[in-house]
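Go by the hints and put chain Y onto chain X.
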Amino acid sequence: MISENKQNRVKSLLRIFKEAKPIWGWLILSCFLCLLSIICTVVSPKMLGELVQQLYDYWSGELITENFTGIILAGIIPLGIIYLLLSLVKLANMYLLNNVVSRYFTCNIRIKISEKIKHLPVKFVDCTPVGEILRRMTDDVSHMGTSIHTMIETLSTGFLQIIVITVMMFFEDWRLSLAVLVITPISVYLSSKISAMSEKHFHEMFTESGKLNSVVEESYTNYATTKAYNWENETLRRHEEINLRQRDAEVKATFISSAVRPCIAFTNSLAYIAVNLLGGWLILNEGVSVGTIVTIVLFAKQIAAPLEQIAEGLGDVQRAITSSQRVFDLLDLEEEKADKGTFGKVDISGNVKFENVDFSYDESKPLIKNLNLDIKHGQNVAIVGPTGAGKTTIVNLLMRFYDPQNGKISIDGYDIAEISREEVRNLFGMVLQDTWLFGGTVADNVAYGKPEATLDEIMTACDEAYCDHFIRTLPNGYDTVIGDDTTNISGGQKQLLTIARALLANHRLLILDEATSNVDTRTEILIQKAMDKLMEGKTCFIIAHRLSTIVDSDLILVINNGEIVETGKHEELLAKKGFYYEIYNSQYAV
Amino acid sequence: MKKIFKNLLQYKRRILVALLFMTAATVCDLMLPTIMSNIVDKGIYLSDMEYIKKNCLNMFLVSFAGLITVIIGRKITAEIVAGFCCDLRRMVFKKVNTMTFSEINEIGTAALITRSTHDTDTLGWIASIFCGNIITIPVLFIGGVVLSFSKDIFLSLILLLFVPIVFFVVILIGRKIEPLWRIADEFIDKQNDIMRERLRGIRVIRAFDKEAHEHERISEATRKMAMNIIKSNVSMGTIAPLALFLLNFSVILIIYIGAFRMETGASAVSAGDIFAIIQYVTLVMTSIMNAAFVIVMIPHAKVAANRIGEVISAEGYDDNLPEESFDFSGSVVFDNVTFKYEGASEAAVSNVSFEIKPGQKASVIGGTGSGKSTLVSLMLCFRIPTEGKVIYDGRSTDMLSHKTVRKNISCVLQNSSIYSGTIKDNILMGKPSATDEEIAEAAEISELSDFINSLENRFDHELNQSGKNLSGGQKQRISIARAVIKNAPIYIFDDSFSALDFLTESRLRTKLSKKAQGKTQIVITQRVTSAMNSDIILVMDNGKLVDSGKHSELLERCRIYREIYASQTGGAK
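If you read the protein sequences in the order shown, they are chains X and Y.
According to my numbering, the first sequence is numbered sequentially starting from 7.
According to my numbering, the second sequence is numbered sequentially starting from 4.
Derived by calculation from the structure, the hints in this document are not laboratory data.
Quick caveat, the model's predicted, so the values are computed rather than measured.
Fair warning: there could be bad hints in the mix.
Simulated pairs of lysine-lysine, DSSO-like, Cα-Cα distance not exceeding 30 Å [stated by the list, open to error]: (1) X/K52 x X/K375; (2) X/K233 x Y/K15; (3) Y/K6 x X/K233; (4) X/K122 x X/K27; (5) Y/K56 x X/K52; (6) X/K258 x Y/K15; (7) X/K233 x Y/K364; (8) Y/K234 x X/K27; (9) X/K456 x X/K118; (10) Y/K410 x X/K233; (11) Y/K305 x Y/K434; (12) X/K233 x Y/K478; (13) Y/K522 x X/K233; (14) X/K535 x X/K382; (15) Y/K234 x X/K258; (16) Y/K517 x X/K233; (17) Y/K410 x X/K217; (18) Y/K97 x X/K217; (19) Y/K193 x X/K129; (20) Y/K78 x X/K217; (21) X/K343 x X/K17; (22) Y/K434 x Y/K410; (23) X/K582 x X/K375; (24) X/K414 x X/K124; (25) X/K217 x Y/K179; (26) X/K233 x Y/K514; (27) X/K233 x Y/K427; (28) X/K217 x X/K233; (29) Y/K410 x Y/K343; (30) Y/K6 x X/K217; (31) Y/K179 x Y/K227; (32) Y/K514 x X/K583; (33) Y/K305 x Y/K179; (34) X/K258 x Y/K179.
Covered by chain Y, per the in silico footprint, the following chain X stretches (three or more residues, Cβ under 8 Å) [stated by the list, open to error]: (35) 85-94; (36) 292-301.
Every residue, glycine too, gets a C-beta built ideally from N, C-alpha and C.
Next up, chain X with everything else stripped away, as it sits in the complex (with noise of 0.2 Å):
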């Protein structure tokens, strides 16, 4: 599990800067473009209210000209450029923000994230809820390019255009920008304390709507007992009361959140007032000109968006914050120990050797104690025990998934710590319980081990598994694509695909753990040969449910919480009358 790691805000802030390193030139061109658009929007009312102040003189009569179109086009021409230039501005930093952000930013934290994940311990991934690791590759990764986009955007350009339009209003006439100033925080306060309050709502909202999905899918997934059960009351009342829920908050959300703009319109109408009633009295005491009013007054409806955008920027920059530390937390996070690898690539018969073993997930809870084996090369040894036992502990000591806390494993005399994990992992093949299929095709699958295979080679493997005749069925042959969740094939054919890359792979020492669970047992007979073949001169490791294809086997080992409480042959076991005699039994006292 990743710990919630309250790393300090502000060293996280400037970590998203320190990451983005490869980017910077980009940036800075893109707040330049972003100047220039600033320049632009408040260039552009001036120019306006310049012409509108024109109109007003010459419609009055105090302007007498013959040629007034000719003047207005004057002014109008520069204005059109600045428009069009605006526009244009605002493309190309568009474009280039997009463009740099997800290609060089999200794209390359995703794939460290990726490349970390190559170095963790299974550990981490045992215990790491998939969809916890997904949402900070996909969700954070994205919040944190969002977060780029607004601090260049919004919070340098609003600032920025907050300062230049000041200065500009007060450059005009500084009574007015004062009524404007001092009525437009008031509405940016006002809409970022309601924004908080409908946020509250949202969150709820969501809270239910993401119970109400649990309550759909599990009442569909479960359908046949919901119904066996007559639960289906129970259903509808569990659904509706969240629904009713959901929407209250819905109802909360909504209303209060299209309450912001109108109230941002209404400040706004008395900014508007308040530059006017000033206005009237500053033009009949003082001789401001309407130009001047005009001016202001489209500075005034100006100044409310950057504004808004600031206080929408910071609620961006915060939940950004909150993402990267979660993203940090996981690219910080201890890898596996760098290997030792002294014995470098090694060739084995096969002898493996267990001595004094200490093994436990959790250190309150011993598993493994002081476990001592010596297996010879070629021998099959089973291991049997009731569920939770510890029997695929085993099988994660031997492949290094999992170290030990104490003891020596050792596999021909080399101590598997001692050679890298890569080589200690190539030693082996296994068939898992648990199947695993990639999205590709058939071939790719079995071909995994070994991609260099041929498709002859791919086709004998799975002849020999039995899996040749109804790949063969499938709607591309050996070509069909089937992925982890394929539902075109059984549980059973996906465990005999494995089995094929097994054998496909030819490694030297053999795990098969619950290889042929979900295979029905008169296919599993058919198999048996393709087993045999498997198993022919190596080292096997077996865990079996069922009793009756381990009876042959050379060692078997009895794990009783996480101890061997019997070692032997079957007959010997079965003389014995011990544990091993009481499952074996159980299976007929059925």
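Here is chain Y on its own, set in the frame of chain X:
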């Protein structure tokens, strides 16, 4: 589609009130620019302070009225939309809960889930956009146009010229974005799938030393994803600057032509009028852009509505026979039952006849696809026989309410169903009135005691959705406890011990037999050892009942049974 919108009818009075308020609010919005231009025109310009004061007061009143009416209007709209969504969700969910199993199979569980969640949400979302705009768009548009016409007809024509341009530009880009979004979403899903796959298969991947390969796959998917996200974001981003330019351009044009007409004396347009028209342009353009967005949404809404419509128009079934309170004795008879799934060319079970007497232990054995689970579906009235009859105590199931039948069966189905809630809640489903002692007893019989004792909150331990925090064996045992506490006259276990080791299964079944004394037990299994001690074993193969009898009899005369037996026990006796 019609059915969906019928739901809105019950809100008709409130819709009317909302329309009224929203119209009032929009009218207020429309009045503002005129007042504003009047203040400048007649007040400031003519230096009439009284006029300014009077109109500022007017402006304040109109703004305030606008604020109040819009807030009330929005409140009612929010209630209507949320109510509509709530009704829709209820309607779909209720409908699915009365669907027959074949209807459910036809649409598929995953699709049904999407329709009840994602599609209803989409429709609700679109409904809210619709309701938010349905009044403001036409009123703003018509009002803006009429008012600007009242100022100057010719200049207003320029405005009308730009309306279709903006409209089509937005619609054109909007249409293009739609598929781009979908594609980008697909790539995001793809990248997620590969990552999920990698995390799930970490052992196999590391065993084959394929981490580098998987990392490469993810990197590639991530890059592709980035490119597609860029595409959709960029085309989305073009709308705003483009629309802004068109808007600004029309402003310039209006000023220029206004000036020209002023000079030539073609109209008595005042400077204030031109200023007002510029403000109306903004209003009208905004309403046009919103309208275009709403229109872009319509195909989206249609898709969702059609998919939901498919669910709502399903026939469902009528279990209109009254539920009866009598208890079954436990006899189960199949009289020449044949069942064929709709669309299948061959029957899943054909001509099956057998009799299980009250209190007997029966087993059904056979390979995958032999028709075992279909028998369970028929017994529980999930499916209705195509031919023949399923008979309880001499009464065929078509004469019995499904509820009566199900009330008399304690069943554990193949995929153990776990509901979110506590362990106790899950067990109590079998008998809501059960006492704590009864719950503890059921847990003890189901071999759950050790597990429950290891939990901090014991029976109050919260289970995740579908029991994701449980192992397969734990799920099975909780499902068994649910059946045990119900203790109905007939027990059915459909492959319910498969995740338990033999020792646990044997202990469990010994205790179960004691509790369920006198009750009929039917065990569907692949394991011969689970079946061999039954009073009657039914051997199924390819949808046919091949033979039935006791273990020793079958071992002697039934080839298939012998094969199964030999394969699982290595021939030991």
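Evaluated hints:
1. X/K52 x X/K375: 83 Å, violated
2. X/K233 x Y/K15: With a Cα-Cα distance of about 37 Å, the restraint between X/K233 and Y/K15 is violated, given a limit of 30 Å.
3. Y/K6 x X/K233: 27 Å, holds
4. X/K122 x X/K27: 19 Å, holds
5. Y/K56 x X/K52: Holds, at about 26 Å.
6. X/K258 x Y/K15: Answer holds: X/K258 to Y/K15 is near 21 Å, not above 30 Å.
7. X/K233 x Y/K364: 24 Å, holds
8. Y/K234 x X/K27: It holds: about 24 Å lies between the C-alpha atoms, which stays within 30 Å.
9. X/K456 x X/K118: 27 Å, holds
10. Y/K410 x X/K233: 10 Å, holds
11. Y/K305 x Y/K434: Violated, at about 44 Å.
12. X/K233 x Y/K478: 19 Å, holds
13. Y/K522 x X/K233: Between Y/K522 and X/K233 the Cα gap is close to 21 Å, so the pair holds against 30 Å.
14. X/K535 x X/K382: 23 Å, holds
15. Y/K234 x X/K258: Violated, at about 35 Å.
16. Y/K517 x X/K233: Answer holds: Y/K517 to X/K233 is near 27 Å, not above 30 Å.
17. Y/K410 x X/K217: Between Y/K410 and X/K217 the Cα gap is close to 29 Å, so the pair holds against 30 Å.
18. Y/K97 x X/K217: 17 Å, holds
19. Y/K193 x X/K129: 25 Å, holds
20. Y/K78 x X/K217: 25 Å, holds
21. X/K343 x X/K17: The hint holds at about 27 Å.
22. Y/K434 x Y/K410: At roughly 10 Å apart (the allowed maximum being 30 Å), Y/K410 and Y/K434 satisfy the hint.
23. X/K582 x X/K375: 23 Å, holds
24. X/K414 x X/K124: Status holds; Cα separation ~25 Å.
25. X/K217 x Y/K179: 34 Å, violated
26. X/K233 x Y/K514: 27 Å, holds
27. X/K233 x Y/K427: 19 Å, holds
28. X/K217 x X/K233: Satisfied, since the Cα-Cα distance of roughly 21 Å is no more than 30 Å.
29. Y/K410 x Y/K343: Holds - the C-alpha atoms of Y/K343 and Y/K410 are around 26 Å apart, at most 30 Å.
30. Y/K6 x X/K217: Holds: Y/K6 and X/K217 sit about 26 Å apart, inside 30 Å.
31. Y/K179 x Y/K227: 19 Å, holds
32. Y/K514 x X/K583: Since the Cα atoms of Y/K514 and X/K583 sit roughly 23 Å apart, the hinted pair holds (cutoff 30 Å).
33. Y/K305 x Y/K179: Cα-Cα ~18 Å, so holds.
34. X/K258 x Y/K179: Outside the cut-off at roughly 34 Å; violated.
35. 85-94: holds (count 7)
36. 292-301: It holds: at least three residues are needed, and the region 292-301 of chain X offers 3 whose Cβ sits within less than 8 Å of chain Y.
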